Amino acid sequence: MNIFVERGGITRRQFFKGTGIIAATAVFAGILGKIGIDIFKASDKYIEKRIAGLYTLDERMTIRKSHENPEIIQIYKEFLSPGEVKPLTEKSHHLLHTKYGSEIPELIKELEAHRHHAA
Amino acid sequence: MSTVVTKEIIHVTDRCKSCDHCTSVCPTGAIKGRLGEKHYIDHKKCVNCGQCLINCPFGAIVDMSMAEQVKKALADPSKVVVVQTAPAVRVALGEEFGLEPGANVKGKMFAALRRLGFDKVYDTEFAADLTIMEEGTELIHRIFAHVGVPGYEKSGPLPQFTSCCPAWIKYAEDRYPKILPHISSAKSPQQMFGAVAKTYAAQKLNVNPADMYVVSIMPCTAKKYECQREEMIASGFQDVDAVLTTRELAQMIKDAGINFLSLPDEKADRLIGSSTGAATIFGVTGGVMEAALRTAYEILSGQSLGNVEFKTVRGRKPIREATVNIPIKELGKTVPVNVCIVSGLKYVNEVIEDVLAGRSKYHFIEVMNCPGGCINGGGQPIRRDTY
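Line order of the protein sequences matches chains A and X. In this note's numbering, each residue carries its 1-based index in the first sequence increased by 113. In this note's numbering, each residue carries its 1-based index in the second sequence increased by 101.
Simulated from the structure, these hints should not be mistaken for lab results. For clarity, every value in this text was computed on a predicted model and none was experimentally measured. Be aware that one or more of the hints could be misleading.
[Unchecked claim] No farther apart than 20 Å at their CA atoms in a straight line, the calculated lysine-lysine pairs in the PhoX-like style are these: (1) Lys279(X) <-> Lys255(X); (2) Lys172(X) <-> Lys355(X); (3) Lys162(A) <-> Lys418(X); (4) Lys412(X) <-> Lys162(A); (5) Lys146(X) <-> Lys430(X); (6) Lys212(A) <-> Lys222(A); (7) Lys133(X) <-> Lys146(X); (8) Lys305(X) <-> Lys190(A); (9) Lys279(X) <-> Lys204(A); (10) Lys204(A) <-> Lys255(X); (11) Lys255(X) <-> Lys212(A); (12) Lys212(A) <-> Lys108(X); (13) Lys279(X) <-> Lys447(X); (14) Lys199(A) <-> Lys430(X); (15) Lys158(A) <-> Lys418(X); (16) Lys204(A) <-> Lys190(A); (17) Lys139(X) <-> Lys118(X); (18) Lys199(A) <-> Lys255(X); (19) Lys279(X) <-> Lys212(A); (20) Lys173(X) <-> Lys355(X); (21) Lys222(A) <-> Lys204(A); (22) Lys133(X) <-> Lys145(X); (23) Lys118(X) <-> Lys133(X); (24) Lys447(X) <-> Lys133(X); (25) Lys279(X) <-> Lys462(X); (26) Lys108(X) <-> Lys145(X); (27) Lys255(X) <-> Lys145(X).
[Unchecked claim] Just a few of them, taken from the derived set where beta-carbon distance is under 10 Å, the chain A residues facing chain X: (28) Leu170; (29) Glu181; (30) Gln187; (31) Tyr213; (32) Leu220; (33) His227.
[Stated by the list, open to error] The following label-pair restraints were derived from C-beta to C-beta distances: (34) Gly143(A) <-> Gly257(X): 53 to 63 Å; (35) Arg216(X) <-> Arg173(A): 21 to 31 Å; (36) Gly146(A) <-> Gly459(X): 43 to 53 Å; (37) Arg173(A) <-> Gly459(X): 37 to 47 Å; (38) Arg173(A) <-> Ala458(X): 17 to 27 Å.
Each residue gets a CB set at the ideal place from its N, CA and C atoms; glycine is no exception.
Looking at chain X on its own, in the form it has when it is part of the complex (with noise of 0.2 Å):
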């Protein structure tokens, strides 16, 4: 039943040449050894994000890979492979194939999947507009808890962290047990979307959910361990099956010989296949913030944005903070909601202990471990370009 391979991602291989250059980019510290000496991995701080991996200058890091599983359940045809794509991973597959950073690929990727035998194919970004539906109305919940509302008083306290981040997660479990009834307990994007594929979907093509076999493509090391999580087994089944990064989805296409440029645009499957624009910028620092406001905005007041665009939650600035005012209905006055997004674990750490103790004024705080979010995952084409 249960697919694990290791929960050991990320490894240092033979060709390390002791530069020290990962120990800076580490944003836990978890990696061990003297200037001079091979380095090594302490996987109990690890948290798989593989910034190292895209950072060494040598490429002599490197992450497990469960390539092999998903061919093998390929060429199995009593499986019915679904697979789904992560926002970031759209807008750096092309570079692979020698396109510009940013190319928006995601016409091609949908029919390149389809030619490597995937029987649907579906996008994690409807999973993305899931999780806004849920975290969203946590969030909403736990304000409405906070001001006094009658009927909310379970709700969890404030502020409330994002949860679609596998190396957050895990690092607040590592670091700050305290801070954990603070996380929204709304799954991942990738996590909704294999509990709902294997449910939901599985019902309405009339597949057993025994014969499924989620694949999820990201941009993302972390998420190859956030799949293998004991607990992530809602639908009966391990929820998703195997991960690819956005680099391995890419030799997989090579090696098949498809001729990537040339495929035609092709749009994902119907039934959990649709998305947003709201969906799209998970995978951008800020992005899940702008998603949660543009909804949260809307139910709150009970009018319609006519602007989408938060713009004082986007950048690149490692900490940012904004002040939303939604008048809320409910409450017949306007609120200010202050927001934070954290883009880097190795700035989170003051902002959990003001949360900690009593000191933030931030009702909602995003954290995202990678510098800029998704798109710079450690799943992503490694650019070893130079200014």
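Here chain A stands alone, though its shape is the one from the complex (with noise of 0.2 Å):
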């Protein structure tokens, strides 16, 4: 091989010979690149799976309306508000609620007093 001999330019043939080799290379480079990155990006197909496992189980659900589950509803009647069925009472907003940011000092304040009242 005297392509890189420079001695009174190089052949046709030589020419074509060279390109070759080059797009040869160029082509396999890109081959193994793609597969590379194929190795890398992992698939998500597992997400699409697991989520229709969830909306699979909602369906196969007597209940599917969280107002009509019957131990919500005990749970107001008996101890949020009792006798009743009413979200958003004081004790709903003691136990379920709560406070975000620069609120949250005063409510753990609140929420220690009520501890100490409490016992």
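Hey, can you piece these two chains together into the complex? The hints should help.
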């Protein structure tokens, strides 16, 4: 192979041989690169399958609406809003609601006062 | 009293190959370190979602574990150990035992928990139904205030954002304090469960709440942070004592020598263990929205829904929107309720900016940090499938 030997330029045949090698190398590099990316890039089909799993479970449930859950009705009637089903009572606010960001220190004080009061 | 271990949940180990893949999945830009240098996490910015952990090609990122504390509580005869399991766990736990993703192992999971020694096996789905009752009613009140029904003036502003995702909550607190009045004040199902377990359930079971130890099985690493938040003490105690991920539960089952696949299907205990289909879909992006719509529609209209499925809110696009026409009995007219679902914190900024600028047309916005919802959470089985 004397492609790279400068002696009055290269022949037409040598030029084609050279470009051929470069082209073939590029093609193989591309294929190998693609395989590499495929190995690296994980499939996320499992997300689809887990989603389908939960929707199937929902379809199979006899009760599909939260307000019809008998134990939800029971906790309101016996504990959160005695005698009725009524969200957002004082008791609900105390146990089931919270505050965010800069309001948290005040909330902690209230909850601790409540704890000492209860004790 | 407090069982706070550490609030820094996610850590990069020395196995880090500095490939930078984690920085491309991190929703908040919390992972630092140049290409070629071992990375580290800026815990001020980290929302503990664990997306970096499940996506690291070298398994070099880990989450803090509370498994030892749970084992100690299980071995302590003076403790009544109560467990709750999130919806997304039951369709992924089977993968750790060779089953396909999405395989329903709910019954075997309850059976395994009993064999591990948990005294009461309940369900976070019960608390998800409770969340819908509180958060749905809160939304109805905000809508009433918005359209000028007298008596609801004190309700918060619209749109209302969901509050179930602890990564989203921390993000909003860190980056957008002005949006906080828009977030539902309802606690997440995990925390509601803890608060009612140590009050209502403790009374009913005749157990001293001081002796009760509440464990959550979660698809999520951010729940480990949430249970340790200082304000989560409404029961007079830390409401939820410890969180295990789906992966950690699978490991405990294997360590105990339980043959998971041959277990019989069992049911959750009664009292705070019943659930509905609405609670089940909490684990999917759009699911909290759909569950809320099922209840809000029936309460507002006074009519029973023929078809409970709101297919328009389903899907995997990071931002989805839909309009649901609800005939409101109290007003005597039909109101179009505009809803929006965000899956992936990377996409929430523009939605928040619109709300803060007064340009938002939405009434209710669901935000979940993980792409696809909790079923793809940072605590779920790690998959390295390729195309």
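**Asked** Taking 20 Å as the top limit, are the C-alpha atoms of lysine 412(X) and lysine 162(A) close enough?
**Response** Distance ~17 Å between lysine 412(X) and lysine 162(A) Cα, so the pair holds.
**Request:** Assess, step by step, whether the Cα of lysine 173(X) is no farther than 20 Å from the Cα of lysine 355(X), and give holds or violated.
**Result:** holds, 18 Å
**Message:** Quick check on glutamate 181(A) please, does its C-beta sit within 10 Å of some C-beta on chain X?
**Reply:** holds, 7 Å
**Prompt:** Does the nearest C-beta of chain X fall within a distance shorter than 10 Å of the C-beta of histidine 227(A)?
**Reply:** This hint holds: histidine 227(A) lies near chain X, its Cβ roughly 8 Å from the closest one there, short of 10 Å.
**Request:** Compare the distance between the alpha carbons of lysine 158(A) and lysine 418(X) with 20 Å, and conclude whether the hinted pair is satisfied.
**Result:** holds, 15 Å
**Asked** When you take the CB atoms of arginine 216(X) and arginine 173(A), is the distance between them in 21 to 31 Å?
**Response** holds, 25 Å
**Asked** Would the pair lysine 172(X) and lysine 355(X) pass a check requiring their Cα atoms to be no farther apart than 20 Å?
**Response** Given that 20 Å is the threshold and the Cα spacing comes to 14 Å, the pair holds.
**Message:** Please verify whether lysine 146(X) and lysine 430(X) have alpha carbons no more than 20 Å apart.
**Reply:** Answer violated: lysine 146(X) to lysine 430(X) is near 45 Å, above 20 Å.
**Request:** Verify the proposed pairing of lysine 255(X) with lysine 212(A), using a straight-line Cα cut of 20 Å.
**Result:** holds, 16 Å
**arginine 173(A) paired with glycine 459(X), Cβ distance criterion 37 to 47 Å** = Distance hint for arginine 173(A), glycine 459(X) holds at roughly 44 Å.
**Prompt:** Under the criterion that the straight-line Cα-Cα distance not exceed 20 Å, is the pair lysine 212(A), lysine 222(A) satisfied?
**Reply:** holds, 12 Å
**Prompt:** Has the given pair, lysine 279(X) with lysine 447(X), been kept, meaning a C-alpha gap of at most 20 Å?
**Reply:** holds, 18 Å
Consistency with the previously given hints fails for numbers 5, 9, 27 and 38, ordered from lowest to highest.
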